[in-house]
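**Q** Single-letter residue listing:
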Amino acid sequence: MGDDTGQPAGVGASSASSASSAPSKAGGAGGAGGAARAGGGLARWFGRHGALGPGLALAVLCVVLAVISPDFRKPENPLNILNQNAFVGLVAVGMTFVIIAGGIDLSVGSMVALLGGLSVYASNAAASSWGLGPWASVGVGSVVAVAGGAVAGSLNGALVVWGRVAPFIATLGTLAIFRSVIMTMADGGEIRSGVPAYAEVGAGTHGIPLPITSSRGSALFLTYPSVAFLVCAALGQAVLSYSVFGRRVLSVGDNATAARYAGVKVGRVTFAVYALAGLLCGVAAFLLSSRMASVASASAGKLYELDAIAAVVIGGTAMRGGRGSVAGTVVGVLMLGVITNALNLLGAPALLQDFFKGVIIIAAVLAQRAKA
Amino acid sequence: MNRAWMASLVSCVALAAGAVVAMGVALSGSGCEKPSGGTAGSGAGGEKAAGKRYKIGVSVPAADHGWTAGVGWWAKRAMELNPHVEWVYATATGPSDQIGDLDDMLTKGIDGLVILATESAPLTPAAKKVKSQGVFIVNVDRGFVEPGIADVFLEGDNKAFGRTSARFVADRMRKEGRTNLVILTGIPSTVDTDRVTAGREVFAQYPEIRILDQQPAMWNRQRGLEVMQNLLTKHEKIDAVWAQDDDIMMGAIQAVKEAGREKEMWMVGGAGMKEAVKMVMDRDPMVPANITYPPSMIAAGIQMAAGLVSSGRPGEVLRYMPKHLMIDVELITPENAKDYYFPESVY
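Order-wise, the sequence lines are chains P and Y. Going left to right, the first sequence walks through residues 108 to 479 as this note's numbering numbers them. Going left to right, the second sequence walks through residues 3 to 349 as this note's numbering numbers them.
By construction, these hints were calculated from the structure, which means they are not laboratory data. As the structure is a prediction and not an experimental result, all values here were calculated from the model. You may find that some hints are simply not true.
As the list claims (entries may be wrong) - Examples of chain P residues toward chain Y, derived with CB under 10 Å: (1) PHE179; (2) ASN190; (3) SER235; (4) SER236; (5) GLY240; (6) ALA293; (7) ASP294; (8) GLY295; (9) LYS372; (10) THR447.
What the hints assert, rightly or not - The calculated DMTMM-like cross-link candidates involving lysine to aspartate or glutamate, where the alpha carbons are at most 20 Å apart (straight line), are: (11) LYS181(P) <-> ASP106(Y); (12) LYS133(Y) <-> ASP106(Y); (13) LYS239(Y) <-> GLU210(Y); (14) LYS57(Y) <-> ASP113(Y); (15) LYS259(Y) <-> GLU238(Y); (16) LYS259(Y) <-> GLU307(P); (17) LYS181(P) <-> GLU238(Y); (18) LYS340(Y) <-> GLU277(Y); (19) LYS239(Y) <-> GLU277(Y).
Glycine included, every Cβ here is placed at the ideal spot set by N, Cα and C.
Using the sequences and the accompanying hints, generate a full structural model.
**A** See below:
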């Protein structure tokens, strides 16, 4: 999918400030005054990655909301936002790589439903039929989800690279196929976990204990889905910025022909980004099915592809590829999450939610173009 | 290039094969259909009976949430129980899809039609066309906007659904001295509006009840969880939750439990999802009651159509069949819950 943008592929090499996961503290009362210098470094880093505008916008949005809504300031609220959006966030990290490489993956939402369902089926079977212990069964489920994700993503990659089907079409096809398979397996209904331990991984009451308490005095956790999102995002940014693979992804998206002349195996890189996206869908699927202790075959992951693409675009990644950052995508995910959360808290007509989403997506693209 | 095409072809075939195997495992031999509106026979194998075998179309919405999945499940059961009819089954993702399904069914030469409309207005002219071809129509749940099209209309009463569950919630709140109510609504649609409007009319008669918030949770467990989580942050004290569906309620319960506030409130959902009924049956303090809106009503409609043709003279039978049957909603309490508990159903 190389179109000639004629831009140099020089985004990769980045310098010192390794704060790739730092933007993820949404909202929150403190933190504004303290680290001005670090903030400056962060701003420069974001600026280099086309994510400065969105990052600032998110910060302003959070400050404004914190001022007008006492509920938004409650310590549990940013953690809720992070947790609620961790699943689509994981998907969006993978989507960032696909889009930077000049592709698109529309199948991610269906893939989440399919993999989550398979994971629940596998762990149920492991516990009931194979007689494994609860945690071993959970392990089986997670492996099935992640490995299945790599397989499903590879299928997308194979269709795009060796089948030479346009990514939009190939993944539109697998979008329908994945959803159809899992709905048929579940008769359109829910697939429920029969292993109590399965639900503990994603539960809101488990995770890394935090030294703060909620407004009502109960303990707060950085939930495992949140941890997974932050860790995968940090790793993703590191891979994109500092690894050879990351630089190849950028160069393939920027100008595939030039990359090929430069000795990059364009097909392999493209295949790998789809496989990576599938793998991250697997992580998201396992955690989401654990969070819900079930998978609703018809609605799980529905429209995640749109939210993920929106987050990537809001985060300053170019739709035509070649430029972008995972950090920006994290900002995009949190931006969408903060809006949904704020509309709930402010009691705004919640059906207007998509209106704000739409405005922000368009604004982000216009801002991109203004800069280009 | 040819090679490349072969590669993609092979991977497609592999995937399709995988899907077929998966279906085989999951459905263990019963008729399987693509949710996107394809048609497939069901019930007894392909053998055609010597005499006249009636052909009846069954057109229902595709499973997009728990209740519609239940509709599909019950429809299949009812068709299997009536192998003397040749069934033409189709699920539609929306009105235009469903209109197409009706056209296909006419092409196949159906004698009768059982239909649960995705939306009333757009399906009315299509059903009229079906009727004009001499096909009898059993209409389930959602009616047409013109009279005289359905031969039998088996109506689900959404207003009563809202009214009855709201009455229960309001009475119980008054008895327990509770005032703070949260309402979680479904997918914006005529069904949801009917329920919520009727419910709010009831709540309006209880001036002490304060509706803290009303938010859509899309008949969806995950949305129920997330919206409730946000509302728990916002409101210091919530006494009761009136949820417009059991999927929503299950998500909301999870949010409340995670916040450690399950002693603070109880909730009433609706439609008789098996887990929800089980909780009522087990006297879970968070779920004092539920309300029926059984997806099995489609099976009742199918049974009726099968009965019409088993006489061999459906036209004659229709002369004494009632034109309009309203399915009452019933309150599920711990005392009667076992009558509404179907552990084998998908919903």
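**Q** Hints first: check each against the structure and report whether it holds.
**A** These are the hints, each one checked on the structure:
no., hint, in the structure
1, PHE179, "8 Å, holds"
2, ASN190, "8 Å, holds"
3, SER235, "15 Å, violated"
4, SER236, "13 Å, violated"
5, GLY240, "25 Å, violated"
6, ALA293, "7 Å, holds"
7, ASP294, "5 Å, holds"
8, GLY295, "3 Å, holds"
9, LYS372, "16 Å, violated"
10, THR447, "8 Å, holds"
11, LYS181(P) <-> ASP106(Y), "56 Å, violated"
12, LYS133(Y) <-> ASP106(Y), "14 Å, holds"
13, LYS239(Y) <-> GLU210(Y), "15 Å, holds"
14, LYS57(Y) <-> ASP113(Y), "5 Å, holds"
15, LYS259(Y) <-> GLU238(Y), "15 Å, holds"
16, LYS259(Y) <-> GLU307(P), "13 Å, holds"
17, LYS181(P) <-> GLU238(Y), "12 Å, holds"
18, LYS340(Y) <-> GLU277(Y), "12 Å, holds"
19, LYS239(Y) <-> GLU277(Y), "26 Å, violated"
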